[in-house]
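Chains B, C, D, E and F: place on chain A using the hints.
Residue numbers (the working numbering), protein chains in the order written: chain A, 1 to 262; chain B, 1 to 262; chain C, 1 to 262; chain D, 1 to 262; chain E, 1 to 262; chain F, 1 to 262.
Be aware that one or more of the hints could be misleading.
Same chains, same names: a pair is fine if it fits in one copy or spans any two.
[As the list claims (entries may be wrong)] Below 20 Å or equal to it, Euclidean Cα-Cα: the simulated DMTMM-like pairs (lysine to aspartate or glutamate) are:
{"id": "1", "residue 1": "Lys-197", "residue 2": "Asp-3"}
{"id": "2", "residue 1": "Lys-20", "residue 2": "Glu-81"}
{"id": "3", "residue 1": "Lys-249", "residue 2": "Glu-151"}
The hints are simulated quantities; they were obtained by calculation from the structure and are not laboratory data.
There are 6 protein chains.
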Amino acid sequence: MVDSVFMAELSWPEFAAKVKEGVIVFLPLGATEQHGPHMAMNVDVVLPTAVCERVARNVGGIVAPPVPYGYKSQPRSGGGEGFPGTTSLDAHTFSLVVRDVIRSLGHDGVRNLVVVIGHFENAWPSVEGVHLALRELRRDGIDDMQVMRLEYWDFVGRDTLDTLFPDGFPGTDLEHASLLETSLMLLLRPELVDMSKVPTDGPARFPTYDRYPVPEGFVPASGVLARAQGASAEKGRLLLDDHVARITKAVASEFGRPETGV
Amino acid sequence: MVDSVFMAELSWPEFAAKVKEGVIVFLPLGATEQHGPHMAMNVDVVLPTAVCERVARNVGGIVAPPVPYGYKSQPRSGGGEGFPGTTSLDAHTFSLVVRDVIRSLGHDGVRNLVVVIGHFENAWPSVEGVHLALRELRRDGIDDMQVMRLEYWDFVGRDTLDTLFPDGFPGTDLEHASLLETSLMLLLRPELVDMSKVPTDGPARFPTYDRYPVPEGFVPASGVLARAQGASAEKGRLLLDDHVARITKAVASEFGRPETGV
Amino acid sequence: MVDSVFMAELSWPEFAAKVKEGVIVFLPLGATEQHGPHMAMNVDVVLPTAVCERVARNVGGIVAPPVPYGYKSQPRSGGGEGFPGTTSLDAHTFSLVVRDVIRSLGHDGVRNLVVVIGHFENAWPSVEGVHLALRELRRDGIDDMQVMRLEYWDFVGRDTLDTLFPDGFPGTDLEHASLLETSLMLLLRPELVDMSKVPTDGPARFPTYDRYPVPEGFVPASGVLARAQGASAEKGRLLLDDHVARITKAVASEFGRPETGV
Amino acid sequence: MVDSVFMAELSWPEFAAKVKEGVIVFLPLGATEQHGPHMAMNVDVVLPTAVCERVARNVGGIVAPPVPYGYKSQPRSGGGEGFPGTTSLDAHTFSLVVRDVIRSLGHDGVRNLVVVIGHFENAWPSVEGVHLALRELRRDGIDDMQVMRLEYWDFVGRDTLDTLFPDGFPGTDLEHASLLETSLMLLLRPELVDMSKVPTDGPARFPTYDRYPVPEGFVPASGVLARAQGASAEKGRLLLDDHVARITKAVASEFGRPETGV
Amino acid sequence: MVDSVFMAELSWPEFAAKVKEGVIVFLPLGATEQHGPHMAMNVDVVLPTAVCERVARNVGGIVAPPVPYGYKSQPRSGGGEGFPGTTSLDAHTFSLVVRDVIRSLGHDGVRNLVVVIGHFENAWPSVEGVHLALRELRRDGIDDMQVMRLEYWDFVGRDTLDTLFPDGFPGTDLEHASLLETSLMLLLRPELVDMSKVPTDGPARFPTYDRYPVPEGFVPASGVLARAQGASAEKGRLLLDDHVARITKAVASEFGRPETGV
Amino acid sequence: MVDSVFMAELSWPEFAAKVKEGVIVFLPLGATEQHGPHMAMNVDVVLPTAVCERVARNVGGIVAPPVPYGYKSQPRSGGGEGFPGTTSLDAHTFSLVVRDVIRSLGHDGVRNLVVVIGHFENAWPSVEGVHLALRELRRDGIDDMQVMRLEYWDFVGRDTLDTLFPDGFPGTDLEHASLLETSLMLLLRPELVDMSKVPTDGPARFPTYDRYPVPEGFVPASGVLARAQGASAEKGRLLLDDHVARITKAVASEFGRPETGV
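This is chain A alone, in the form it adopts within the complex (with noise of 0.2 Å):
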């Protein structure tokens, strides 16, 4: 059998041995998200998953199965659930998701967890997800359940972005199918990006506030907010070692791990 770093990958007494040895397990959560007309609407599983293959890797953890429907996709974020094919969960359903698979892991002896959030509505119903896990595990006696968590997109550089984005990066908020996410599908995925596809309606150029419901033409009409010109796999190769690295420094510390990896 692969010894694999992926844990559904592994037999229930390989799992078994490495939660003995203490390892640290990684959980990605995801969504099914329109991505622009030029990309699939996988990303925010693919990319959270990458970087946790890669640094698990790197400090000897395995990856859990990615959680692949997120919480609601909101109109400034990621187009909002006007998109077809964006799928997603309440947030009570989600934060359930969240609390019952950490709380099983910690049944099952996982001390060292890292939740990593591939898809920006996820944030904040992860938070409610881990607290709600915590709780009960306490009161079922297991108190030292160690979590980090974490967006992969906030472990970059100045001078990352400082390189892909020579005129300014324009922030996080509006990264949603653009530059960012394009490069690293480029790299990752290229057959599931058409470049010839990107689309020119953006940037979008959102209040500071939402409406609710969702006026016309609030959101661009191609789902993509910023710009994806430009993207590259070279542009993706880059964010991604910046991405792995930063995160395998910050998990091997908080752990107190090696980083083999790097």
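Positioned in the frame of chain A, the structure of chains B, C, D, E and F alone reads:
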């Protein structure tokens, strides 16, 4: 971009176009669950997804992202939650996930859905999820969504079973990590099976009732409930072909489609 | 006051005294559901309660009030919710009822519980209810409650079935409002059966999948899934005796009690 | 088959026929709760069911299966959850049960419903259950269901109370397991009352507030809050007749029916 | 900074110091509800908060922020949800709010809590909220929190009522927006009362049951259930003094504190 | 009676009249949360309410009662739940409160609503609450409610920030109990600020991830995340004016109202 049978690999306009044409969407409901010392824990995701993929090709459908965490494993059907690695959701959580995904698909315009169970314990909470989704969709003014819900292993001919079990089919109940699932995995993901580790402590001899807490020795220590000896990729091929042909036939018939791929 | 086998007919000090002695409590989980034009709708309450009453006498136990509303009837096992009179709970509601009753009994000191299913669809939500109750009781410091959970109809010998079905037992699945249940009702509550109204539109011929919304004609119009012709009180007696003897044996064995009444 | 006043004793076509004629359905909401050392724990089921049965006969109605588990007993009205045998539901659970049953009846075509409280603590969670059911039914397109909700003990004349309590009626609040309930049980189920065990430790002297956790001595050790001495079947008859006549009158008036049986 | 009796006006170290000394925390549970054409809709917040403030000063306690939205108004006690401006929570929501606030206070170290109801309909859902909070706190290892729960209007002497109602007190039930509440508001927030708008369409004459949907004319059109004529600040003073003195006495006694301020 | 800008100070007919005229309702969502040793814990209620009050006057709107308990404080934005006095709701509870209040307002006829966040952590659960409310209102036949949702602190000009932070604005993230909030409190409730207690242990230096349980020293012991030194009422005035002017402009524009008060 690939013209994929997987919904998550489509761009949203590609998905929208298929929905407009009345595409049949397949939703595999899997689990992360121990499947003996000789197999990976993703059996209940791999198998229904493989079935869905093939049936979807036959009827021009697409496969939504499989739900990778299932309802809690039960001792008499999957060994129970006591095995490390079995990572599960409460029934309410699982039903809400099914409800939310179907509701979201319904709002996207999907009108033909096949829910495919890959994990025995998902059966009933998925029934509830479908009920809740259709109830809510009706309240949202959508009352023409058609849903089939099936366990893929029920689609098998007597002749196939007779061939696979010359000494008589022991029944679906104990077929956890046993000959059928192992054969299918040998066909589909042979690198995730290690036949040298097939245990010999089965088959389980369960009483006709549940016991909580699960008594010592109630479940075979290996987690394999029947027997996996004699599994082979050839048997997996026979089985898979039967599953796919029969489900294709049923789906095509129910939704009035030609069985183009069979 | 009567020295009743029914918990609800005891005064609280009588109940407290029995609990102190380690009484086994039986909890029947029934339903209010159509059972054909020839029977009353309380079949799924009457039958498990009768079984529990007799087994409880045998092992010195008591019977808690039966839950009279069950989980939603399904087309392939009970005709579905479309029949007037079938009055049901959502899965979450039903599981919470089971959780709360068991938790409350646990706090009263009950340590030996037998949950007896009288309605097919209650099986899985009752599993969840038991799980939730034991989880909460553990958090409340009570970890020694022992629970059996069973469907009474599973406790029957091959010889009994052969006697009742000389042409072969069609299987439990379709035994809704059919020969077994009708025979038991003829024995126990003959005034609630009218054999002249036994329908002839069965047996149902279901596919191996669910369909929602339920198509016209999917379920026999009568609500009887197999055949009730030939039912008799004598057959009911044979069946009931078998159920009671076998369940008595299992319960006595599991809880280390003599089978005083058998 | 019997032409029963109890819904559960009807076949589904009999029920359907009654519904088509606009039958009034009575839903008793009971409890399993201590009622002193001299009475069984089913008082709150027996009494409202008996009232419903008689009123239903008077107005041509039927009685749905009583809910046998109620909302948690409170110290100042029922002694509290500390008494063994008191077996209760959380408020949310209880309200969901009421919601589901009423919603299910509404979908069956029932348009005239009388919810009858037999357990003081059920009052408010039943209000919520009715609200939730009618809200959902409206969303399902059913907006013409008429519901009455009442506590049966409120239907009594001043003259009856003066006869029963020549020294003055102490008020409903403490009438738990006391003269009124005991008299009614002596009339209806005398075998479940043992007047020799009527305690003398009451009446309770509660402050005008709740205390949690319940302090030692807050509730009379017997669980009887007022006094049961002097209870008799004759008093029960007087009381029951008054309840039945007054509720019949109210129901008949509200639903525009003749009081055929009075 | 002010040495405030209001918790929200303290800094966290000031609060922490008081908690360490065993401070009694008062939690007013109010509502936003119609109170007739002559009064503002904050009556059920203003009155319990004023009572809490005064009692807290007497016993050295502090007042937590009042919950400003209550459980749904009922026709027979508050006019019902049909009045514009009555803005309410479902029972489950309200109970969760009470649970969460108490649980959070318990984790902060608060051990003496007085929950003060200012809105009739909050009574039962607050009972549930207290139950849920104490249950969870026990699971978190905190079992020494003492809670009183009271309706402020129950703390009044017969002599006070005789003075206020020379013709006899009509009972608490109809005292919505009527003489008592109006007098208290005239004392505390006279600018929010306009006696010229006191309606004359009351008192309500309710039957002894609820009706849903609420029939036309069931509730006085003004929303005032009894009579507000004759209300005065003097009467309010008499009433408030009685409430405060009696609650102070009860709280001081229960928590073993001197009544310093009385 | 006062012609108040606060909804709770209106009588119901006054409120009904305003609703009929299409009044804009502002709903502040606050918290009870530590804000350093130098400020009271009601900052997140006082500030958004003050903003709402002023904007409401400008556009002829009214302010609904602020929700005083918010979603759980997070270490990196508010110091976390570990500080005594921080008293919070679970996400599900908070979202249900927002849902219920908006649904109730919608049924009252309110069609123009502005949800104003005063506590960083309320952002996402309020999004969910708005979603749930609008979903339910649509099912109730109300589909024309317009909602804006905003964080008041996002409405500030670059010039204002440059004036307040001559050395550069450190960003919103750490602005908890720091210069901005302190200045606003000095303007609005100076008696609740004690500048002599402004701590010097900040600013916090957070990593780009969460850690659970929160490690020792992760959060500054004072609870102040950035710096409050230099706060002044003058700065508060500048800031408040900017907030009010910009929000007024946005609201007036979105709802097509004149900015009468600006």
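Indices of hints not satisfied (ascending)
none
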